[in-house]
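Peer 1: Sequence:
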Amino acid sequence: MANLRTESSPKPELPEPSLLARYTCASILMGIFAIWGKYTFVNEAELQVGEDLHDYKVPLGFTVFYLVSLPLMREMVDRFAIVDMKLLLKESMILYNAAQVALNAWMVYKMVDAVLFRGHPFVGSITAPLEAGASYAVWVHYCDKYLEFIDTYFMVLRGKMDQVSFLHVYHHFTISWAWWIGVWLWPHGDCYFGALLNSLIHVMMYSYYTLSLLRVSCPWKKYLTMAQLTQFTTVVIYSVVSFCSLPEESTWRHVVGLGTQVFEMTSLFVMFMHFYRKSYNKGKKASLPKAPEKLVNIEKTESTSSTGSSESSPRASETSDTGSEQSESDSEQSD
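The numbering of the sequence shown is UniProt numbering, which starts it at 1 and goes up by one.
Do not take every clue at face value.
Below, simulated DMTMM-like cross-link-like pairs (lysine to aspartate or glutamate); rule was C-alpha separation at most 25 Å, straight line [claimed, not checked]:
| no. | residue 1 | residue 2 |
| --- | --- | --- |
| 1 | K38 | E51 |
| 2 | K160 | E51 |
| 3 | K160 | E148 |
| 4 | K222 | D113 |
| 5 | K222 | D162 |
| 6 | K38 | D162 |
| 7 | K90 | E16 |
| 8 | K57 | E148 |
| 9 | K160 | D84 |
The hints are simulated quantities; they were obtained by calculation from the structure and are not laboratory data.
Model the full structure from these sequences, guided by the hints.
Peer 2: Structure, rendered in structure tokens:
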């Protein structure tokens, strides 16, 4: 019987890019960082947060561009890529991930320093002194949400479309809006806590990416998703405590700000938990040893038996490969 499955022809191997091309890409990325930093690291006196924050057109423009650019970029890569994109972007990815480690570590330092040494209350405050530094770090954290779109662009440019999942795109899209709402409604006081935990997770996550690109063994990979689930739960609990601790002078802005944070963390928890269970079950099934085949019908011919054996082997191989790819995409899809 003829095999009706049509095998897609493998893509031809592309030539390696030159060192000039690779470092040109890294230089372009440095230029993007410089432009982003110019508009982010402003003087504290010029910091426009709260009611002075830019209007909704800024997050709307960035997020719409993000959604529209992804399929267009994929089409351009499929049609016009002339060199190996993975090699072309290697130095750029190392630079980007290392920069994110440094940036998020700085934000963690600023917020911890504000709480421990500069009079910023841990919980139960709707205002805090701007000179404490936590509000400034929250502003930088919000701006970094747009810079993190580069995570997805790297995936698309490298042809890793299996990693550009609904969870991944949903996270990047909604978290930008959630933090715009937070910085607009409540940039001071308890707003810092979600940014603190998220920055701490990002230090771990981008450190893992950087070391992986440098071929360094990273023992904490399997704990990343668990840490993210813990982050979502902790922020929700903190938000409930913060709501119960709101002073009389609080307004609707603080309630909506907390509600937005709870909704975002809860929705991400549900999707990450589904992803975690799916990945864990796949990995568990793939790691189980094969059970010996039972002789169900002794009248089966030897040829039938061998045919069945030859068909089961590729399926097992496909399952194992899928589990491996899923494990890799776990870290890529993370917050």
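Peer 1: Against each hint, give a clear statement of whether it holds in the structure.
Peer 2: So, going through the hints one by one against the coordinates:
Between K38 and E51 the alpha-carbon distance is near 22 Å, which keeps this suggested pair within the 25 Å criterion. In summary, the hint linking K160 to E51 is not supported, as the alpha carbons are separated by about 40 Å, beyond the 25 Å threshold. Of the pairs offered as hints, the one joining K160 and E148 holds, with about 17 Å between alpha carbons and a cut-off of 25 Å not exceeded. For the suggested pair K222 and D113, the alpha carbons sit about 30 Å apart, so the restraint of at most 25 Å is broken.
With a C-alpha separation of about 19 Å, the suggested pairing of K222 with D162 holds against the 25 Å cut-off. Distance restraint check for K38 and D162: the Cα-Cα separation of roughly 34 Å exceeds the 25 Å cut-off, and the hinted pair is therefore not satisfied. Taking the CA atoms of K90 and E16, the gap is about 12 Å. The hint holds against a cut of 25 Å. For a cut-off of 25 Å, the pair hint linking K57 to E148 stands: about 19 Å separates their Cα positions.
Between K160 and D84 the CA atoms are separated by roughly 13 Å; this keeps the pair inside 25 Å, and the hint holds.
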